[in-house]
Every structure is written in C-alpha cells, then in structure tokens.
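**Q** Below are the chains, spelled out letter by letter.
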Amino acid sequence: MAKTGVYSFLVCTLMGVTAYAAFYIAPTEVTMGLVQRIFYLHAPSGMTSLMAFLVSFVGSVAYILTRKPRWDWLAVSAAEVGVAFCTVVLLTGPIWAHPAWGVWWAWDARLTSTLVLWLLYVAFLILRTMIEDADRRALVSAFFGVFTFLDVPLVYGSIWWWRTQHPQPVVFTSAGLDPTMRKVFYLSWLSLTCLMALLIRQRYELEQSRDELRSLEQELEAN
Amino acid sequence: MKNLSSVFAAYLIGWGVFFVFSLTVAKRAASLKEELARLKERMQESASKGK
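Chains V and W, in that order, are what the protein sequence lines are.
Following the working numbering, the numbering of the first sequence begins with 1 at its first residue and continues without gaps.
Following the working numbering, the numbering of the second sequence begins with 1001 at its first residue and continues without gaps.
Source of the hints: derived by calculation from the structure; they are not laboratory data.
No farther apart than 30 angstroms at their CA atoms in a straight line, the calculated lysine-lysine pairs in the BS3-like style are these:
(1) Lys1027(W) to Lys68(V)
(2) Lys1027(W) to Lys1040(W)
(3) Lys3(V) to Lys1033(W)
(4) Lys183(V) to Lys3(V)
(5) Lys1033(W) to Lys68(V)
(6) Lys1033(W) to Lys1049(W)
(7) Lys3(V) to Lys1027(W)
(8) Lys68(V) to Lys1040(W)
(9) Lys3(V) to Lys68(V)
(10) Lys1002(W) to Lys183(V)
(11) Lys1040(W) to Lys3(V)
Extracted from the complex, chain V is given alone in its bound form (with noise of 0.2 angstroms):
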C-alpha cells in the first residue's frame, strides 16, 4: 500500500514536471502558436492508449490459452485504462483542430478509425457486464478482445497508408521536430506510460478483489 502511495507521488511529481515543461520549456510553434503544446498531451495519450490496448490484447490471448483468470483480469484493467487515455485523445483532439483546421472534426481515416477503437473498446467493457457466468464472460470477451485490436494497427497505420488531414507523424522519423519539442514529448510520454501502468495495477487490484469476494460468496452460501 505504501509502495503504491510513493509510486502514485511520483507519478503526479513526473506529470507536473511535464506539464511545466510543455508550457514553458518547449518552444512556442512558428505556424500553429500556443495551440500547438496540445501535441504533448493529445499524441502521447494516444500512444500510451494503443500501448494499453496492446497489453489488453496479450492479457486475451494469454486467457485463451491458459484459462487462468489473472490473464482475463489484466485485459480487462489495461482496456479500461486504455479508454480512458482514448477518450482524452477524442476530447483533445477538436480542441486542437478547431482553430487549427476551422473545424471541430474531419471523418478522415485517422480520426474515424480512432473513433472506432474507442467505440469497440466501450463495447468490450458493456459486453462483459451482460454475462453472469465469470468463466463464460472471460472467454467470450477474450475472443471479443482479440477481434477488437484489429482496428489498433488500422489506427496506427492510416496516416502512412490513406490521405488524411490528421498531421503527418513527426516522433519516429526524420521529420523536423526541434529537439527540445521531442525532449518534451518524450518526457510526456514517459508519465503517461507510468500512469497507465499504476491505473492498470490499481484496476487489476479491484479484479482481484471481486474474484476474493466471489469465493468467499461461494463459500458462505456452501455452507
């Protein structure tokens, strides 16, 4: 419990060191302005949501193999903490492209297969509440899990593979990114990747309780 009351002080330490240096370290952008330090929040929440999904994905494939419910619970945590870090992409994202673009959204193919994502991820989570049988529920949305990240790559690909008026990716290539920018995206995504790794831990904590709460309910009503 203390490990984890450090670890979250760290984590909220990191992210107000972002936070200042996304406002007053990184450069002001000579096209965009102010508007453009949204890119040290919207990009690398939506990095670290396909990261989540990603580690959602392994938890499924992991449950089809094994059956060991852990597997189930950790996809379950990392798609919920994945949602959410995909909600704060869709939300930031208009607010970046209204006075960017003049519009609040565009139904090009970033954006919309993101959309999507977000759509069959929510789905995912709706789906498990309809089963009662746990056993049953953790097989049905581990294959459910598994059809669902097929859209991750498609999110990840659509700038490189369609013509979209989502910005062309400047992180991992060449582009010209002034290095101070980078630094502070890097840094942006450092925190959020700890922050999706303590949102899983707690959410995977809250799984294991309930599965003590289901046997000790078995056992009561047992005997």
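Mind docking chain W on chain V? Use the hints.
**A** Positioned in the frame of chain V, the structure of chain W alone reads:
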C-alpha cells in the same frame, strides 16, 4: 496569447478524465473492501455459531 484558452481547456479536460477515472477505481475498490470485510465478519459469526 491567441488560443491560450484552448490549451488550458485541453489540459483541464485531459487531466480531468484521468482524475475522474482514478477516482472511480478508488471508489469501487473502497466499496469492494467494505463488502469483503462484511462477508468475512459474517463468515466468522457463522463459524463461531457452528462451534
């Protein structure tokens, strides 16, 4: 200082989502813990009655 409000809105909303999410997880964990404690108490009671 053009678009400063948009930047603040984006960070406020973004951090708000993370905060609300972690709050809901903490709330669910607290109510589960309570329920677990209640069940354990009930089990102890029924065990002591059985003796």
